[in-house]
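J.: In the order they appear, the protein sequences are chains A and B. Position 75 (the first sequence) corresponds to 75 in the numbering used here; numbering is contiguous. Position 288 (the second sequence) corresponds to 288 in the numbering used here; numbering is contiguous.
Keep in mind the hints are simulated off the structure, nothing from the lab. Some clues are possibly wrong.
[As the list claims (entries may be wrong)] Once the Cα atoms are required to be at most 16 Å apart in a straight line, the calculated EDC-like pairs of lysine to aspartate or glutamate come out as:
1) B/LYS181 <-> B/GLU234
2) A/LYS175 <-> B/ASP119
3) A/LYS10 <-> A/ASP236
4) A/LYS321 <-> A/ASP162
5) B/LYS193 <-> B/GLU242
6) A/LYS175 <-> A/ASP188
7) A/LYS321 <-> A/ASP285
8) B/LYS193 <-> B/ASP147
9) B/LYS181 <-> B/ASP119
10) A/LYS175 <-> B/GLU436
11) B/LYS138 <-> B/GLU218
12) B/LYS193 <-> B/GLU166
13) A/LYS167 <-> B/ASP119
14) B/LYS193 <-> B/GLU230
15) B/LYS138 <-> B/ASP150
16) A/LYS199 <-> A/ASP122
17) B/LYS383 <-> A/ASP45
18) A/LYS175 <-> B/GLU467
19) B/LYS181 <-> B/GLU218
20) A/LYS321 <-> A/ASP375
21) A/LYS175 <-> B/GLU234
22) B/LYS383 <-> A/ASP162
23) A/LYS66 <-> A/ASP272
24) A/LYS175 <-> B/ASP147
[What the hints assert, rightly or not] Cβ pair distances, simulated, as ranges:
25) B/ALA276 <-> A/LYS10: 20 to 28 Å
26) B/GLU40 <-> A/LYS175: 52 to 60 Å
27) B/GLU177 <-> A/ASN31: 53 to 61 Å
28) A/TYR36 <-> B/GLU177: 24 to 32 Å
29) A/GLY121 <-> B/GLY365: 13 to 21 Å
Bear in mind that the values here come from a model prediction, so they are computed numbers and not experimental data. Cβ atoms here follow ideal geometry from the backbone N, Cα and C, with glycine treated the same way.
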Amino acid sequence: MVTQNGNHDKTLVVVQLSGGNDTLNTVVPYNDGLYYDYRQTVHVDGDAVHPISDDLAFNPSMGPVKRLWDEGKVAVINGIGYPNPNRSHFRSMDIWHTAMPDEIGREGWLGRATRELDPTGDNVLTAVNFGRGMPRALGVRGVPVASVGNLETYGLFPDVQDEFLRKYALDAFAKMYGGAQGRDAVMDFLGQTGTDALKGADILRTAPAQYQSSIEYAANPIAQSLKSVAQVMLADLGTRVFYTQHGSFDTHSGELVSHAKLWDEVAGGIGDFYDDLREHGRENDAVILVFSEFGRRVKDNGSGTDHGSGGTAFVIGGDVKGGLYGQYPSLAPDMQLEGDLHYNNDFRMTYSTLLERWFHLDSEPIVNGRFEQFDFLPA
Amino acid sequence: MTTTTADVALMAHLIRRAGFGAGREELEEQVARGYENVVEDLLHPSADSRENLPDDLIRRYHVDQSELRQLDGAGAYWMYQMITTNHPLEEKLALFWHGLFATGYAKLNQARALLNQVDMFKRTGFGSFRDILIELSKDPAMIIWLDNNDNHDGAINENYGRELLELFSMGIGNYTEDDIKEASRAFTGWTLKNAEYMSMRAMKDSIWPYGRIAWHFEYREDDHDTGDKEFLGERGAFGGDEIVDIICRQDATARFICTRLFQFFGADEIDERGEAAIEQMMASYFESDYEIRSVLRTLFNSEYFKGEAARYARVKAPVETVVGAVRMAGSYRQPTLGVNQLASQAFYMGQGLLQPPTVEGWHEGVEWIDSGSLVERVNFAAKELGNPSNPGVRAIVDRLARDGGTAQSAADVVDGCLDLMGPLQVEDSTREAIVEFASQFGDFDLEADESVEAVANVIRLIASSKEYQLA
């Protein structure tokens, strides 16, 4: 929403790379002989990469991110992770979602942030997830989150093709759920929730209609999700947290082909999204966090790579101070963790930085502890 | 014997709770058999009456559900069993135990071990609570889930001991921290064969493409603390069996397990009359040597359960919503890839089979409902039941015509559908909204295709009502 002094809401856009993105082939140590030793087959061509320093370069498919890097808008957080890395997709993703590495957490960190941003839960659209099924990062009891499969058809009775019939059905739904309150607590709650859902869907559906842009997003799912984020963000519906994901980055085999395609899609989507916001003068209102549940094994398996640890995250936005953060983990044999990269900065440092410096929230109760912050956003 | 509307309504209530609902013909057959006989049938699923789709079809069609390497295939397999079963209470009870002894895939990376646990619930779930707790303590998935493989003589890990008392049997406030430690000591040595290796593999999941290794329970005498323990006021060189014996003798345990069963099968909220029903269940628990079958029999035959207060007093869980709608629509008859979608649907509504959020299980009742999950519930049920080509939907239309003639008014059709889909009791405002919706189609001629479709749309609307969210 537009505040009184004309400023827009600050929003966080999460892009989750599901399946375990291969760090070594994303931010490539292209001048390190060990990289080519360990990655006899599954390495990217050192001539095709986009260098960002004497030691490191982006994957050849990351051109649009490199362009933003050159503008100083991309923070690369190398060596991100947590103690005692877990190489199970599900558990490691849970850890990232709940910010609880040691025990099984119940609440998602972004759900908690959403509760702080909108304590009364007045806006049913404070957090919007693009995809089916709510990611645990957004799950906190009593915090409304809209999960949108497809913005164009979002809402009730999407399978009803006949426009008039659907309208009649929606009217009837509104009456069924909007009936008199006060006789039964469960019925009242159901009535209120149904009315909220209808309202959220009605509001969300207005977003594509208001939207105009010269940017043409690609037809792949992540680019389309980011287009939906832009549409909702530009409609100023008060959404502060957007969640998207793409995958699968679980590249056990045929990695070079699939990883290149995935990054084409992700980098292209991010580049288009940024340009879209810039076209509307809104590139300083969004920060994009790109993360994955873990990195992959240092040594390849001949065709792909197996689950590892020590990852890379990216924070991208108009207000972001671009550069390299954390340390790039060493590939030296005695510096590895059982064949994997060693993490050197806790992911909750990045979370805390975003919560404190972007949302101006107290991060401690959200990430379950006090962590040092990075300077990729102004204090 | 003449079948009355009240008899059908009561039978429908029983089958919704002890199963996943049933169509009108089936309910009438059950009414003819007699309520208490049906309760006994439900409580005694017999192997020889298994007539559902044979497993060899699954073996043939679903590689994922056969090898059970991944979560999706395993969840879909259980979903398939619930949809096609002739023993609905066996499945429903297994779902109850799964929610109570909530074990999740995230930490295990072993879908087969989880399904083995569910099979154990089906095998032992009606029997003595003592046997269930012993089997649970030996269950490999549970051992890894709550770290009993790290519970050693001289170096206890309290995780299992604590949850056994707090979440699985007695509830907080009925034991001390020392009791937890002593129980944990008694379960030292209850572990997996090759436990260190198995748990390391679970942690460092990069097993593809080598597959999963089966897990087995092992009791390690050399890692068991044989010393005396003092537990809940009793003293002895207790092992796990004795700890479970002592637990089962407690009033707190009887109250805990009967309350949880009451809330799952009886009503979300416990009022005074519900409290009295729980007391009756507790008496059965002790009289029967802790037999769950007896406890459930007492509940289902109680005046409370048969009375008005229990009717539609539960919010359907997502899995019940999916299974109930699919069974009513008759839309799943043979193995298809669609069943994986059905398992995903329950996940979208907030209940992923084999992936409860924590060891606490799911928060049930109205907590199933939020704006996101409600949209998923409504859209799913509306689509399944709004499709006139589904045989169950067609059966409702045919029955409507048989009972009320082919020419009917909109209000007649709405009342008829409400009756055949439950009978469902709805608020006046709900009924008025549906009648108004139905009126757009004019009068119904149930022999005409347009009318069949119109009835399906009325059914769609009923399936999206507030009242349909309850069981």
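J.: Is the straight-line distance between the alpha-carbon of A/LYS175 and that of B/ASP147 16 Å or less?
T.: 51 Å, violated
J.: Using the C-beta atoms of B/GLU40 and A/LYS175, is the stated range 52 to 60 Å upheld?
T.: 44 Å, violated
J.: Is A/LYS321 close enough to A/ASP162, meaning Cα to Cα at most 16 Å?
T.: Roughly 50 Å between the alpha carbons, so the hint for A/LYS321 and A/ASP162 is violated.
J.: For a C-alpha distance cap of 16 Å, please report whether A/LYS199 and A/ASP122 respect it.
T.: 12 Å, holds
J.: Measure nothing beyond the straight line between the CA atoms of A/LYS167 and B/ASP119; if it is 16 Å or shorter, mark the hint as holding.
T.: 46 Å, violated
J.: Taking 13 to 21 Å as the stated bounds, is the beta-carbon spacing between A/GLY121 and B/GLY365 within them?
T.: About 19 Å separates the Cβ atoms of A/GLY121 and B/GLY365, which means 13 to 21 Å holds.
J.: Given the hinted pair A/LYS10 and A/ASP236, is their alpha-carbon gap at most 16 Å?
T.: 11 Å, holds
J.: Holds or violated: B/LYS181 and B/ASP119, Cα atoms, limit 16 Å.
T.: At roughly 30 Å apart (the allowed maximum being 16 Å), B/ASP119 and B/LYS181 break the hint.
J.: Are the Cα atoms of A/LYS175 and B/ASP119 separated by 16 Å or less?
T.: 44 Å, violated
J.: Please verify whether B/LYS138 and B/ASP150 have alpha carbons no more than 16 Å apart.
T.: 14 Å, holds
J.: Straight-line Cα separation of B/LYS138 and B/GLU218 no greater than 16 Å?
T.: OK: B/LYS138 and B/GLU218 at ~8 Å, within 16 Å.
J.: When you check the alpha-carbon spacing of A/LYS321 and A/ASP375, does it fall within 16 Å?
T.: 7 Å, holds
Consistency note: the structure conflicts with the earlier hints numbered 2, 4, 5, 9, 12, 13, 14, 17, 19, 21, 24, 25, 26, 28.
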